[in-house]
Amino acid sequence: MGILDKIFPVDWFHLDPEYFPQDTRSLFTAADVLQYGILPLGKKHARAGEGKQILNVGFVNPGNKKARIFVQGFVSGNKEFRKYRAYRLKIEEFLLILQEIYELFPALFLQQPVSVCPDVVLYLEQLKKEKEQAELNKML
Amino acid sequence: MDFGVPTRRVRILVQGLVFGLWVALILATRHPLDSWLAQHVPVSLFLRIDPLVMTVVCGGMRMAVTITLLAVITFIISVLLGRVFCGWVCPLGTLFDAYGWLLRRLRVPFQGPSPRWYTFKYYLLFIILIFALFGGVSPLMGLDPIVLLTRLAATTVNPFLRNSNELFWTVSEAPGYYGFFFDGATLFLFISIMVATTKLSRIWCRTTCPLGAYLGVISRHSVLRRETSGCIHCNICAVHCPTGAINFTNETVYNESECIKCFLCSEECPVDANFFTYKSPIPAFSPSQHPVTLGRRSIFSAGVAAIVAAPFLFRSGGTTTASKKLLRPPMSREERDFLASCIRCTECVKSCPTGILKSAGFEFGIRALWSPIMVPTEGLCQEGCNACAEVCPTDAIMKYPIGEKYSYKAGTAVFNSSKCISYTENKYCNECVKACPTDAIGVISGWVPPSGIGSDVPAPEGKKVTRPDHIIYERCVGCGACEYECNKIVFDDSAMVTTSQGRAVPTQINLAQLGKNKEGVWVF
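These protein sequence lines are chains A and B, in that order. The first sequence lines up with residues 1 to 140 when you count with our numbering. The second sequence lines up with residues 141 to 664 when you count with our numbering.
These are calculated hints, taken from the structure and not from any lab test. There may be inaccurate statements among the hints.
Mimicking DMTMM-like on lysine to aspartate or glutamate, the simulated pairs with C-alpha atoms at most 20 angstroms apart in a straight line are [to be verified]:
#	chain 1	residue 1	chain 2	residue 2
1	A	Lys90	A	Glu103
2	A	Lys83	B	Asp412
3	B	Lys465	B	Asp633
4	A	Lys90	A	Asp32
5	A	Lys52	B	Glu503
6	A	Lys83	A	Asp32
7	A	Lys44	B	Glu474
8	B	Lys419	B	Glu367
9	A	Lys83	B	Glu407
10	B	Lys559	B	Asp633
11	B	Lys539	B	Glu474
12	B	Lys339	A	Asp11
13	A	Lys44	B	Asp412
14	A	Lys44	B	Glu407
15	A	Lys52	B	Glu407
Looking at chain A on its own, in the form it has when it is part of the complex (with noise of 0.2 angstroms):
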């Protein structure tokens, strides 16, 4: 790392439905998506007048070594990008956004056979876990 790169932490983006990037919304396949957990999010230009941009990618889990090997790999052969930043995602609103733009509804994805991200699927059994227990409290 270069005395004069960037060392900033990865950054929370935050994800709004309403101004979700369009232009690179089909790069990744609702398949990967739901795998990874990852969402396109737009690109840059990587210097003044250079054509190759750089992808920004947003992780549910950044840590997650098979969805970064992915989207290195995608970038590595997609001759539009230089490379790819790394952006960190909440899980509720990736979800948010799986429904109103990818229209994958957890209640769905969760019963049928597709790989889903480890974190989400943790994520959505935690939930549930919750709501039972609100249930059976309310219940008490």
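On the provided structure of chain A, position chain B as indicated by the hints.
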């Protein structure tokens, strides 16, 4: 016009070069001013391009002090482009950014929105300007970032750099001396600022910096404006904005007065939606700009506080007539004008080769706080040196030809024979007479030891030693050499005391002697 990608590295480079220049100039501020840099660049350059210094000094003096007018350039740039000075030039800002780089490396979270009291700096500025209106430099001027850093370098770092000529004066001086305490206060203030910066980036610039507030006010109508078409509301720019200028709930809204034009928002924007463009300054506030709103009640309170405090402080301020012990450097302006033009930067203290110049504490009143005073017990005003006048960024100490130094009295010594060992113990000393560069001490001839040097042995019975008798007023220049030497013999109870009696002030001097327009002012 998109400044997007390369600006960050360019800014870091510029900041580094400018900071390097500041450090080099600080190091060059020493007698003799014979380094290449000191001969080609004014050593107080950064203070001279500070528009707040210009405004306060010109306001306080009620005239355009020419030496400060270089700051007009900064003023115009700020009016047109915004607070570029804060983001690209200010050495304290550069220190904050370098510190931020370190914090990021350590993964310390220190970014976020400004506290609600960020407008505090505007009230501080308001008070400083009211003081200037009353004809004085408020001690609050010490919070100006350039002044603060210069004073830090001069009074806390510099003494440690001067050990080669045995001048550990700030460290070794008597603890009761106020100046020593306030040197520590400057250091304490600086450390506190850096600790606070650990919590929030550039918190000083956001909340307290009076120069930042001043530039913020004059740059409200700048033509270089932020444009956010295509914003996807990801909040990245708001998080990265070092001064909290961007609204956290709606990133398209920002505060032009708080924006330091670091272009970090452009750099960090993931989709090239943040860029700066030249726009007409009219209308001043589009819906995308969020102006600073100051509470009317708070402005009123600050104004009343300043108006009440200013005359009170001015009355408590020491003057030459009030205190004969108040010794200003040679060719300092008349006391009222001196206090109206001295910005407490202590460049003079930094440049003084003997350590006679100190930063005043409360001993001459709050108004004189941090202003330079001569303390002859600590050093003497050296022959052939006019460094303090040469480095003064506001001409509070007026410049004069080095050969004419003794044409202008800094004061007059007073001799108290009841404390002189030649009288009390009949011992030969004569150190004051030897030290006097102008032969201003009248002597009564008497016994001299065979060695010809001072001795602990009293004169033989019936004989009286050669001794000082009186001060020749016309010859004495108030350099403090006699007091300095005497104080070495009779520590802290000197028979020679330098007073401000007869101090020559520029208004009394035939300015034609100094050259054309040497006063450096246009009176209006």
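*Measure nothing beyond the straight line between the CA atoms of Lys44/A and Asp412/B; if it is 20 angstroms or shorter, mark the hint as holding.*
holds, 6 angstroms
_Next pair to validate is Lys83/A with Asp32/A; report whether the Cα-Cα distance is within 20 angstroms._
holds, 19 angstroms
*With a cut-off of 20 angstroms on the C-alpha distance, tell me whether Lys44/A and Glu474/B pass.*
violated, 61 angstroms
*Is the hinted pair Lys90/A and Glu103/A satisfied, with a Cα-Cα distance of at most 20 angstroms?*
With Cα atoms ~18 angstroms apart, Lys90/A and Glu103/A stay inside 20 angstroms; holds.
_What's the verdict on Lys339/B and Asp11/A, does the C-alpha distance respect the 20 angstroms limit or exceed it?_
Holds, at roughly 18 angstroms.
*Lys90/A and Asp32/A: Cα distance at most 20 angstroms?*
Judged against 20 angstroms, a Cα distance of about 18 angstroms means the pair holds.
_Please verify whether Lys559/B and Asp633/B have alpha carbons no more than 20 angstroms apart._
holds, 7 angstroms
*Take the C-alpha atoms of Lys83/A and Asp412/B, compute the straight-line distance between them, and say whether it is at most 20 angstroms.*
holds, 16 angstroms
*Below or equal to 20 angstroms on CA atoms is what counts here, so check Lys52/A against Glu407/B.*
holds, 16 angstroms
*For the pair supplied as a hint, Lys83/A and Glu407/B, confirm whether the alpha-carbon distance does not exceed 20 angstroms.*
holds, 16 angstroms
*20 angstroms Cα cutoff - pair Lys465/B, Asp633/B*: holds, 14 angstroms
*asked:* Given the hinted pair Lys52/A and Glu503/B, is their Cα-Cα distance within 20 angstroms?
replied: violated, 67 angstroms
Checked against the numbered hints above, the structure breaks hints 5 and 7 and satisfies the rest.
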